[in-house]
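Engineer: Sequence:
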Amino acid sequence: MWKILQSMYGQEELSKIEIDDTPAIMVERMAEIIAQKAENGAISVFVIDEVSMMTSRKNFTDRKEELRYMIGLLKKCEKKERVVIVAVIPVSKYCTEMQKKKEVSTCYGEIEKPENCLVFV
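First residue of the sequence shown? That's 43 in our numbering, and the numbers climb one at a time after it.
Rather than coming from a laboratory, the hints here were simulated on the basis of the structure.
Ideal Cβ placement from N, Cα and C applies to all residues, glycine included.
Any given hint could turn out to be false.
Estimated spans, in silico, between C-beta atoms of each pair [said to hold, decoys possible]:
1. 106 - 81: 28 to 34 angstroms
2. 98 - 50: 26 to 32 angstroms
3. 83 - 103: 21 to 27 angstroms
4. 84 - 50: 17 to 23 angstroms
5. 122 - 50: 24 to 30 angstroms
6. 49 - 103: 39 to 45 angstroms
7. 110 - 74: 16 to 22 angstroms
8. 91 - 118: 17 to 23 angstroms
Result set (DSSO-like, lysine-lysine): computed pairs, CA atoms no more than 30 angstroms apart in a straight line [as the list claims (entries may be wrong)]:
9. 121 - 106
10. 106 - 118
11. 106 - 79
12. 79 - 121
13. 118 - 79
14. 79 - 100
15. 79 - 117
16. 106 - 122
17. 79 - 122
18. 121 - 58
19. 118 - 100
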């Protein structure tokens, strides 16, 4: 993975990596932080550990819907700010049966589609 990032962005840009593991931070606040740092040229890669611990200002009927919203917001932020967002999502931590694992991974699967968004599961 590191070699892929190096080929896409170069070593100098990869030196601008930030890791955030703030517990229970709201995704909207995280997007603001990323925008501020990207505007100053301070980051090119932002690692979020872990998305499932984040919350949102909006009210949702279930957690799956909230996760879809948060992932979508991070995708928009990534495109707008022209940074790579690496989202750590430990799916197996929250699953005990194979069927449940399949349902949860389906929810998270949407974030894996953008060409410059990386996900560790």
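Engineer: All the hints need checking, so say for each whether the structure fits it.
Structural biologist: Hint check results:
For residue 106 paired with residue 81, a C-beta distance near 32 angstroms keeps the hint of 28 to 34 angstroms intact. A hinted range of 26 to 32 angstroms holds for the C-beta pair residue 98 and residue 50, which are about 30 angstroms apart. At roughly 40 angstroms, the beta-carbon separation of residue 83 and residue 103 lies outside the given 21 to 27 angstroms, and the hint is violated. Taking the beta carbon of each, residue 84 and residue 50 are about 19 angstroms apart, inside 17 to 23 angstroms as hinted.
About 18 angstroms separates the C-beta atoms of residue 122 and residue 50, a value inconsistent with the hinted range of 24 to 30 angstroms. Between residue 49 and residue 103 the CB atoms are about 42 angstroms apart, so this pair conforms to the stated range of 39 to 45 angstroms. Evaluation of the 16 to 22 angstroms hint for residue 110 and residue 74 yields a pass: the beta carbon distance comes to about 20 angstroms. The hint said 17 to 23 angstroms for the Cβ distance between residue 91 and residue 118, and at roughly 20 angstroms that hint holds.
Taking the CA atoms of residue 121 and residue 106, the gap is about 23 angstroms. The hint holds against a cut of 30 angstroms. As the CA atoms of residue 106 and residue 118 are separated by approximately 19 angstroms, the hinted pair is consistent with the 30 angstroms bound. Restraint check: the Cα-Cα separation between residue 106 and residue 79 comes to about 29 angstroms, which is no more than 30 angstroms; the hinted pair holds. The straight-line distance between the Cα atoms of residue 79 and residue 121 is roughly 14 angstroms, inside the 30 angstroms bound, and the hint therefore holds.
Proximity of residue 118 to residue 79 is assessed by CA-CA distance (about 16 angstroms); at most 30 angstroms being required, the pair is judged to hold. With a C-alpha separation of about 24 angstroms, the suggested pair residue 79 and residue 100 falls inside the 30 angstroms cut-off, and the hint holds. With a C-alpha separation of about 16 angstroms, the suggested pairing of residue 79 with residue 117 holds against the 30 angstroms cut-off. For the proposed pair residue 106 and residue 122, the alpha carbon gap of about 24 angstroms is at most 30 angstroms, so the pair holds.
For a cut-off of 30 angstroms, the pair hint linking residue 79 to residue 122 stands: about 13 angstroms separates their Cα positions. For a cut-off of 30 angstroms, the pair hint linking residue 121 to residue 58 stands: about 17 angstroms separates their Cα positions. Distance check on the hinted pair: residue 118 and residue 100 sit about 17 angstroms apart at the alpha-carbon level, within 30 angstroms; holds.
Consistency note: the structure conflicts with the earlier hints numbered 3, 5.
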